[in-house]
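Student: Sequence:
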Amino acid sequence: MSHALKTSELTRRLYERNGHWYVDLRAYGAGRIALAANGSSRATTDYDEALTLGGTELRQAKADAAELRDRRVARFKTVGEVAHEFEEQLATNAAKGLVRESTRTRYLLALRQLLGTTDERQRPRVAALDQDRRIDRLTVDDVRASLKVLNARVTRRGGPLSASSIHHILVVLHYLCAMARSAGCAPSGFDPCRDLTAWEKPKMSRDREPTDFLEVPEVRALLATIQQEYTGPLPLYEIAATLLYTGGRKTEVLGLLVSDLDFPRELVRFRRNQYRRIKRDQDRPVPFVRELRDILRAYLTRTGRVGGLVFPPPHDPAATHLITTDLIAPLREAQCAAVLRLPEGEREAFATKRIHPHAFRTTYCSARLQTLDNGAAVSPFTVCRELGHKSMQMVLRVYGNLGNVRQRGDEVSY
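Each position in the sequence shown, counted from 1, maps to that position plus 1 in the working numbering.
Certain hints may be false.
[Claimed, not checked] Simulated pairs of lysine-lysine, DSBU-like, Cα-Cα distance not exceeding 30 Å:
| hint | residue 1 | residue 2 |
| --- | --- | --- |
| 1 | 97 | 280 |
| 2 | 251 | 391 |
| 3 | 251 | 280 |
| 4 | 251 | 97 |
| 5 | 149 | 63 |
| 6 | 204 | 391 |
| 7 | 202 | 149 |
| 8 | 204 | 354 |
| 9 | 204 | 280 |
| 10 | 97 | 391 |
| 11 | 354 | 280 |
| 12 | 202 | 63 |
| 13 | 202 | 280 |
| 14 | 391 | 280 |
| 15 | 354 | 391 |
Rather than coming from a laboratory, the hints here were simulated on the basis of the structure.
Put together the whole structure using the sequences plus the hints.
Tutor: Shown next, in the form of structure tokens:
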């Protein structure tokens, strides 16, 4: 019997009653056992003898529990084998449109972090979980050991893994256990992740850093700078204007078709098409304001586009996919130049803001909440539906901001 067995698990399970020694093996389905020597009908009173007898009973109980578990498992698979099946299932679901590509990428990254496989830059990681381990033999102690490795891991930025990253890794491990149960490779109810206590799980912060939004003069300066100074291949001015005047998500705007621009009814329709989905599968119309109509009408006339994508990739005339070029870098360059167009007292605040497509969505929401609907303030419910949210709390608590310049009108105007 090993020293570790004597001093750790066995000593925790030994207990004394009326001077006699017993071992508690209920965790392995063996109940409480009196530690009696051969030929004796009563439990021993000697502690050293109890250690020897208890070690024998503990090993036998573990072997019996493993044999019983094996009988409930149809076939055996390792963690690595189930992980490979998980990758294939992700690819299949992504091809069917059941899983977003961003979700698939996030889960694959979490899987690589868990198993220690090399990433896209071929940098090896220390495995948090052994790929060759039988998946039905995983215990909550294995999960705790994996969390210890993950918490000690250093990222490229020099800090630890975020709580969100560790949460996604646990979600992937939960899915692996579910696939093993479904395939008969683990008994019903098997999921060691569920046995973690609340304080052992990663703490997800509820206090998110607010997204920057632009004031009306800042929007005006940024659009003017892009229109007059940007010389890149993208229709950046028209894309930025569409983001700011519709509040659409980046992929929603880049996936707009010419047929989605309803000039007679003055509506922009965000609908599913062959290029991209709509989040929550909610097709929705958004007001097609006069300023945006003028911008896009001139753009369509200049480019001669009468069908297909409104903003096709610059080097793909057939427009078989969306624009993949990063928009943040040219927007940040335009921001640096647009600072000089503002009064000196407003430059510092604008220069410190993080300009990206999602900030334009917040800017639209803040401006839209100040508009009028038949002479009365627009309803937050209307703005909620235009943004494609299910709850008005996102509009009131996250997206809605009170700007210093508030323009009251029937439509968004900068």
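Student: Now tell me if each hint is right for this structure.
Tutor: Now the hints, each set against the structure:
1. 97 <-> 280: At roughly 16 Å apart (the allowed maximum being 30 Å), residue 280 and residue 97 satisfy the hint.
2. 251 <-> 391: Answer holds: residue 251 to residue 391 is near 19 Å, not above 30 Å.
3. 251 <-> 280: Within the cut-off at roughly 11 Å; holds.
4. 251 <-> 97: With a Cα-Cα distance of about 22 Å, the restraint between residue 251 and residue 97 holds, given a limit of 30 Å.
5. 149 <-> 63: holds, 25 Å
6. 204 <-> 391: holds, 26 Å
7. 202 <-> 149: holds, 11 Å
8. 204 <-> 354: At roughly 28 Å apart (the allowed maximum being 30 Å), residue 354 and residue 204 satisfy the hint.
9. 204 <-> 280: holds, 27 Å
10. 97 <-> 391: holds, 25 Å
11. 354 <-> 280: holds, 27 Å
12. 202 <-> 63: holds, 28 Å
13. 202 <-> 280: holds, 29 Å
14. 391 <-> 280: holds, 11 Å
15. 354 <-> 391: Satisfied, since the Cα-Cα distance of roughly 28 Å is no more than 30 Å.
Going down the numbered hints, you'll see the structure goes against none, and every one checks out.
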